[in-house]
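A.B. asks: Each chain, letter by letter, is given below.
There are 8 protein chains.
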Amino acid sequence: MNKKQLQELLYSVRDGKLEISDAIHALSDLPFKDLGFARIDNHREIRTGYPEVIFGQGKTPAQVKKIVKFLLSRGNNILATRVNADIFEEVNKICEDAVFHETARCITIRRREPEYPETTIAVVTAGTSDLPVADEAAVTAEILDNKVTKIVDVGVAGIHRLFDRLEEIRKARVVIVIAGMEGALPSVVGGLVDKPVIAVPTSVGYGANFGGISALLGMLTSCASGISVVNIDNGFGAAYMASMINKL
Amino acid sequence: MNKKQLQELLYSVRDGKLEISDAIHALSDLPFKDLGFARIDNHREIRTGYPEVIFGQGKTPAQVKKIVKFLLSRGNNILATRVNADIFEEVNKICEDAVFHETARCITIRRREPEYPETTIAVVTAGTSDLPVADEAAVTAEILDNKVTKIVDVGVAGIHRLFDRLEEIRKARVVIVIAGMEGALPSVVGGLVDKPVIAVPTSVGYGANFGGISALLGMLTSCASGISVVNIDNGFGAAYMASMINKL
Amino acid sequence: MNKKQLQELLYSVRDGKLEISDAIHALSDLPFKDLGFARIDNHREIRTGYPEVIFGQGKTPAQVKKIVKFLLSRGNNILATRVNADIFEEVNKICEDAVFHETARCITIRRREPEYPETTIAVVTAGTSDLPVADEAAVTAEILDNKVTKIVDVGVAGIHRLFDRLEEIRKARVVIVIAGMEGALPSVVGGLVDKPVIAVPTSVGYGANFGGISALLGMLTSCASGISVVNIDNGFGAAYMASMINKL
Amino acid sequence: MNKKQLQELLYSVRDGKLEISDAIHALSDLPFKDLGFARIDNHREIRTGYPEVIFGQGKTPAQVKKIVKFLLSRGNNILATRVNADIFEEVNKICEDAVFHETARCITIRRREPEYPETTIAVVTAGTSDLPVADEAAVTAEILDNKVTKIVDVGVAGIHRLFDRLEEIRKARVVIVIAGMEGALPSVVGGLVDKPVIAVPTSVGYGANFGGISALLGMLTSCASGISVVNIDNGFGAAYMASMINKL
Amino acid sequence: MNKKQLQELLYSVRDGKLEISDAIHALSDLPFKDLGFARIDNHREIRTGYPEVIFGQGKTPAQVKKIVKFLLSRGNNILATRVNADIFEEVNKICEDAVFHETARCITIRRREPEYPETTIAVVTAGTSDLPVADEAAVTAEILDNKVTKIVDVGVAGIHRLFDRLEEIRKARVVIVIAGMEGALPSVVGGLVDKPVIAVPTSVGYGANFGGISALLGMLTSCASGISVVNIDNGFGAAYMASMINKL
Amino acid sequence: MNKKQLQELLYSVRDGKLEISDAIHALSDLPFKDLGFARIDNHREIRTGYPEVIFGQGKTPAQVKKIVKFLLSRGNNILATRVNADIFEEVNKICEDAVFHETARCITIRRREPEYPETTIAVVTAGTSDLPVADEAAVTAEILDNKVTKIVDVGVAGIHRLFDRLEEIRKARVVIVIAGMEGALPSVVGGLVDKPVIAVPTSVGYGANFGGISALLGMLTSCASGISVVNIDNGFGAAYMASMINKL
Amino acid sequence: MNKKQLQELLYSVRDGKLEISDAIHALSDLPFKDLGFARIDNHREIRTGYPEVIFGQGKTPAQVKKIVKFLLSRGNNILATRVNADIFEEVNKICEDAVFHETARCITIRRREPEYPETTIAVVTAGTSDLPVADEAAVTAEILDNKVTKIVDVGVAGIHRLFDRLEEIRKARVVIVIAGMEGALPSVVGGLVDKPVIAVPTSVGYGANFGGISALLGMLTSCASGISVVNIDNGFGAAYMASMINKL
Amino acid sequence: MNKKQLQELLYSVRDGKLEISDAIHALSDLPFKDLGFARIDNHREIRTGYPEVIFGQGKTPAQVKKIVKFLLSRGNNILATRVNADIFEEVNKICEDAVFHETARCITIRRREPEYPETTIAVVTAGTSDLPVADEAAVTAEILDNKVTKIVDVGVAGIHRLFDRLEEIRKARVVIVIAGMEGALPSVVGGLVDKPVIAVPTSVGYGANFGGISALLGMLTSCASGISVVNIDNGFGAAYMASMINKL
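Chains as they are written, first to last, in numbering that gives the first Met the number 0: chain A, 0 to 247; chain B, 0 to 247; chain C, 0 to 247; chain D, 0 to 247; chain E, 0 to 247; chain F, 0 to 247; chain G, 0 to 247; chain H, 0 to 247.
Please keep in mind that the hints were generated in silico from the structure rather than gathered at the bench.
Treat the numbers as computed from the prediction; the structure is a model and nothing was measured.
Check the hints yourself; a few may be wrong.
Straight-line Cα separation of at most 20 Å, EDC-like style, residue types lysine to aspartate or glutamate; simulated pairs [said to hold, decoys possible]: (1) A:Lys246 x B:Asp193; (2) G:Lys32 x D:Glu166; (3) D:Lys170 x D:Glu117; (4) C:Lys170 x D:Glu117; (5) H:Lys170 x F:Glu44; (6) D:Lys170 x C:Glu44; (7) E:Lys246 x G:Glu117; (8) D:Lys246 x C:Asp193; (9) D:Lys64 x D:Asp96; (10) B:Lys149 x D:Asp33; (11) F:Lys246 x H:Glu117; (12) A:Lys149 x F:Asp33; (13) F:Lys32 x A:Asp14; (14) G:Lys32 x D:Asp163.
Just chain A, with the same shape it has in the complex:
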């Protein structure tokens, strides 16, 4: 239930269109619903502008299905991240139009018509191997009602590939830059655009990459300004932040 839905409900009560008892029922599991193994935060959208997202890692298929079922009953769009095919199979049983984004490891279900703002989010990757993280970001941004421009494989080892796409990047309202290995791309982009850059280190690489630490540290200590960083491989977090900025 978002702010608008809540307002409408209260107006209906005021105008006598809705029985108090019905209103009470509708509000009864505000601000959260206890499912035993989880307490769904219904209040989140009112408080933060975004509905609850399901973090699939460490949850059983049965648990995810129950949470999806409840959230669907509230009329929400669904986004579940870090899910696998087993979880999707279970969710699919209760929702035929659920979409499994395989490389992104996400499930989405649309229940509300998107209201896209004019402005876009650019999702930029250093290499081809960063695509799964970019996909998680793009899927997230889309389900949160944003238009996305995806620009792939413009890493610093062939920096002219970046310049070729620079105008496109500059048109976005906020830029997500995704890179593994040394994670240098956000520094270069940050020095070239006048928009906030959200940097996502990826675990792409080997050896002294240490599962993404080298890229993470590189982005945190960037010599460019206007850059902030999210967790390693956290395409979702970057897109969520970008969506917030895009909708300001």
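Chain A is fixed; fit chains B, C, D, E, F, G and H onto it per the hints.
C.D. replies: Same frame as chain A, but now just chains B, C, D, E, F, G and H:
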């Protein structure tokens, strides 16, 4: 030289108000000025919307003075971060109205009238010991023409202190949350506001704090969404990012 | 053999109800029993108030079975942690009423009637994915004769879910707080209750979580007081400590 | 203001002994007092049973003095940790009976008569060099109204020194064990007593000790049960936890 | 070929019992034999008193077989460590009396009669889960012609189990102490015996154990003297060192 | 397309041998070709002297095949590193003479006749287990048109094996030294030859080797001069650098 | 009091040469003496063959003086390590013949005639900067009654310097090898001698040396056998271990 | 003594121009000279092409002076790195023309006429604060007889500053790229030039820079090819390697 100044110069040429030779001279050290030990990036403001900022650490007082002198000659506002009293003394010799923000370790010099947007940036700290970083953020945000609301010492160990100020925080367009030790405050704030949160870990603490690593890791792995992170103690970086967002 | 059993044996000797030779036999493998690959610490309960617990990791099913067999012969309750289905299958052969707690990865066998104290232990988790660790804690606390209140998924990103259960938590004599990711929940709980808090970091998360390090560091450097910490994912250790406190 | 004081105040209002306006004034800065650079948590004692403690590190002498002044005006006992001589000098100006515990780096001021429980807290150290941390623990435990037994230099390299004092340690209700280097003492003590053990790693050592990490990791991974751990050198935190347990 | 064998060969030459051409052939691949993928160090025994040992990890079964074949042709005892069943199967084809020590992950082949010194090596473990490392140490010590006393599961959480075996340990000429988790046992043993202690950290444990780092650091920073340390899980290295000391 | 090819094309245009429209077509995807999931850097050879190399890790077989197909259409030699059998199978479908170097995990396809310089690159390994990295280096060096001398298993534990091959090593123009465990070999070689040494740490080892960190740190802090280091297990990077030096 | 002294005392009692009361007095502070801040382990020599050594770091000059005074009263040789000039000054007041070894940071006082074994300990360093650690080792070995051969600056970057001294090193019964930076020397020495090698990493170096970690890891993961390792800069620990071995 | 000097000496002997006894004297401390605390490696130049360099850190002024004195007596150029003013003062006493390079922390003394090759070494820095490391590299390269082009402050945040100097960089035979913070510059340069790049991470930065680790890891995991890395702040090592390459 910002975009507006550049446009005016070019119009003057077109309209015959400025000699070509004078225009050439004015443009001659675009896009950067080589000072021997440094190459000042004059082009930065046109490219990224913000003028060059001086990172004082590792520079001698004489070097900082020379860079300030050059930037002043271009009509820029000055911000120098990570400076000490020795550097200020030297800068003060060539600019009487330079201001030394001691706890923030910054020097600022205003040369252009501020044009504040309506919206504000909230700067929130977990503890009193985080004040120097908050001051660096506030000084930076101000010189970049933003209005700042500072809210101090509302850490999670006494979480009611935060709730008391929540309405104020929610009014800001973007929120900077600064915390040392376990760095939990951004997670709590991120779950309570519908604005982007920029988290700044500080080196406040001891032992397993490891100079801010515990706070940094805590913020990167936050269970709340809508949070991105800058380097340890990097009040400047957070404010720069926040300013970009505030002015979108 | 606990203190009470030992006293009774000695009284029996004094009162002539027990032959010295029988007493010697009963006491013969005090204070420990050598099984070749393990030396069972029979003396532990007399010394520390608790019988030996079996740490299953790194032991073969055959080894665990032999230890269980010996401990059962002493009339002890059995708790084996970090076990898998293979080990349980083996143990089950010699003890039909052995219980396998799958998510908790524990085996329990009850041989003595529980004597519960009035007071309870609260087991609180930040998320659904922390449930296996919470289960290990709950199983351990129960076999050590404690009543447990389990409160799940009240993490700081939706902190009102915590406030809803606060009264229940405050009623406990000691509180176990389990959290992965940034591990912020113990700090918040610690600032809200007047009971000792035992914090358990979990390995739930990814990237900069580093297998639970971020949560561990966060808990060690908590700004709240009255918190102490056990190893990552160590639900057993937290419950053992809590049981000691609960029975003081 | 603790619970008892609050009750008395409310009874006085009910019984007409206190003017409403005076009561309002007395309650006016509940639950916290904003000093500009700090928000004193007056509510803490009611909530957690203990008044606010001042963490001196990163605060200026002037800031600490102001906080002390305010807390004294509320009739509280004062404990300030991680302070130096400069801070004490400033505090001493407004409170002649302030006591500076030099090795413990603490200031204490007594304003309420202690009400000691019968039981004691044992503070045990592995070496002589661990004394400052032990002193911080002892000073903290005392100002929180506990009786303390201090046992020094009984580290595992000469383990008979420990056995000699074991009976004394066993008499305590809760045991704080402080050790640097490999931090093995808590494991040994934990295997010998039937009371909760709070382990404090210290930064005593060099090389692979890494400022206390080796002791910290050793304590977290202890093979003994009934041990929980606080931050490196955190004598205060251990004593606070121990006091909570001692007063249950 | 050891020193004695070399001397005999040279005497045979001097005394005319051996043709020069035959001697040349026998000496021809001194000091090493190039197998293409490996250069076997025949000279090692003369130089260091011990023949080449095969480190199986990272080698193919075929490679190990070829090295074994060559070494056997030189009349050496064979020790191959870190091998698996596949490697053994291959080796077994060329040597029927090869012995596979499964838990120790070693292959041994005896070709020379053992000449045991009078004195023994004690191999002591903290827990049952440390047995594989203890077995690697025992197998190594035996093939290097030492008598071994194995004492298992005497860790510090039940320290009386150690005291019971202390006399046996004291009789050894050198003591190998193997422990995971916090690795405290070597410190305790080191404080109780007057013989050199070689400490072996194991990767037994979880969480903050970090694959044996906690035990390793604990042993390196031991407060006891007379202890030195080898790599995590390196039972071979400890036994090799112990054998050197035992034979001095 | 390399510099020479480009020159020829331009001469053809100048001399009227090539239609402008054909030249435009030939140049059309200079400086890169966008394949959707990747942007192939055609310009690289002109800019850096070497064609694009395919980093297989994190790419699907289909993606690698498409990139190979495009690069073949440009007449390039192909080198794909970090590939597995699945990728090779796919590539093999479009190119029968593709070669799969199994231990090196590389695919090579020759399209241009090699032009070897006189001088050679020495590839030296400390142990047999370092062979896969050595093979990656050798395959890379060969496809980049260098002659390679491979010297295996001359690690410092039997240093006479190195001296035996020293003359061969000294004849090379640049030396690649590959070692795991403590990574000491480059220091020894660096002190014995008058040629640049490129050190490659490998992940061979266990325990405190930490996946190659010990070798990496050892090489970075070498007491010998004339050594520089590439990433752990990065045989490709070392050979690429060596080839650059060999062709100067 | 060592074993011999204890025996003599008991014989004297048996033979009536010593009054029981005097014997009791002499034995009264066996097995340790409580000085309040320290518990001196008189029993250590009987138990481990060596008297108590004073670890100066973290102790005040007054504390060290008191411990020295007590130990002198027992007729012991004195060794205090990690001391500074302030401590020496204090100790010198009560003992004129105390010797301050400045680079070794040790104080020694001889009270018993040395009884040197025939065999020697070799102390070998890689560089000149390792000398302080070598001096600590040599001073320790000497006061524990060993003859020492010191061989300086034979690091692997100029390995012929080592070969020149190899015969001397081989004559020792046990070899201490001290190295900073990459710590490669013990591996080379270990491959060349048939005696146990005790490796001491030093903090000599900078950057990726990380205060001695690179040398420590290198030594722990050495490819040579017969090497064990002590803490960074722990010359004392190496010499103590070496002395134990030398006297077997 | 270099190869040429050695040849001349031997020719003089052959031609009767030099007495054998004099030749013996000249060769007497070949291949090294034992100064007691150091063994000077005279043989190094013959072996590696470069004379011994003095690493000043950890050496006393007196020790450095003695080594300089000896090396001067051999007619060598002198380079001492990591020295301070105290050391220079001492060296200056025995050599008036010694030069102290303060920011580079080096002493140089020229004794042989430089023989510069035609080609140059480029020394490129990301920022002004990297200058001390660049100076160490430049001083080293110069004393080893190379011509150096220094290009300062062309970091990736303003990447057009780099393009401006690209032609100059491309003219060099080998490029040293020095950067702190995220260390991204070598990746960008490596993608733009066809010469070997030696990357030097610096400790410039704060927080998550961890004394240069972030830059180091970034360079090791660079996505560009043709890059190898030396230790943090190791300008000397980079220049030494570059000089070797420049003179091939």
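A.B. asks: All the hints need checking, so say for each whether the structure fits it.
C.D. replies: These are the hints, each one checked on the structure:
Restraint check for Lys246 of chain A and Asp193 of chain B: the C-alpha separation of about 11 Å stays at or below 20 Å, so the hint holds. For the hint pairing Lys32 of chain G with Glu166 of chain D, the CA-to-CA distance comes to about 18 Å; that is within 20 Å, so the pair holds. Pair hint Lys170 of chain D plus Glu117 of chain D holds up; C-alpha atoms about 11 Å apart against a cutoff of 20 Å. Of the pairs offered as hints, the one joining Lys170 of chain C and Glu117 of chain D is violated, with about 24 Å between alpha carbons and a cut-off of 20 Å exceeded.
Between Lys170 of chain H and Glu44 of chain F the alpha-carbon distance is near 17 Å, which keeps this suggested pair within the 20 Å criterion. Restraint check for Lys170 of chain D and Glu44 of chain C: satisfied, since their Cα atoms lie roughly 17 Å apart, inside the 20 Å limit. Annotation: proposed proximity of Lys246 of chain E to Glu117 of chain G holds, straight-line Cα distance about 17 Å (limit 20 Å). Pair hint Lys246 of chain D plus Asp193 of chain C holds up; C-alpha atoms about 11 Å apart against a cutoff of 20 Å.
About 14 Å separates the Cα atoms of Lys64 of chain D and Asp96 of chain D, which keeps this hinted pair within 20 Å; it holds. As the CA atoms of Lys149 of chain B and Asp33 of chain D are separated by approximately 13 Å, the hinted pair is consistent with the 20 Å bound. About 17 Å separates the Cα atoms of Lys246 of chain F and Glu117 of chain H, which keeps this hinted pair within 20 Å; it holds. Between Lys149 of chain A and Asp33 of chain F the alpha-carbon distance is near 13 Å, which keeps this suggested pair within the 20 Å criterion.
For the given pair, Lys32 of chain F sits about 63 Å from Asp14 of chain A by alpha-carbon distance, which is inconsistent with the 20 Å threshold. Straight-line distance between C-alpha atoms of Lys32 of chain G and Asp163 of chain D comes to about 12 Å, which keeps the hinted pair within the 20 Å bound.
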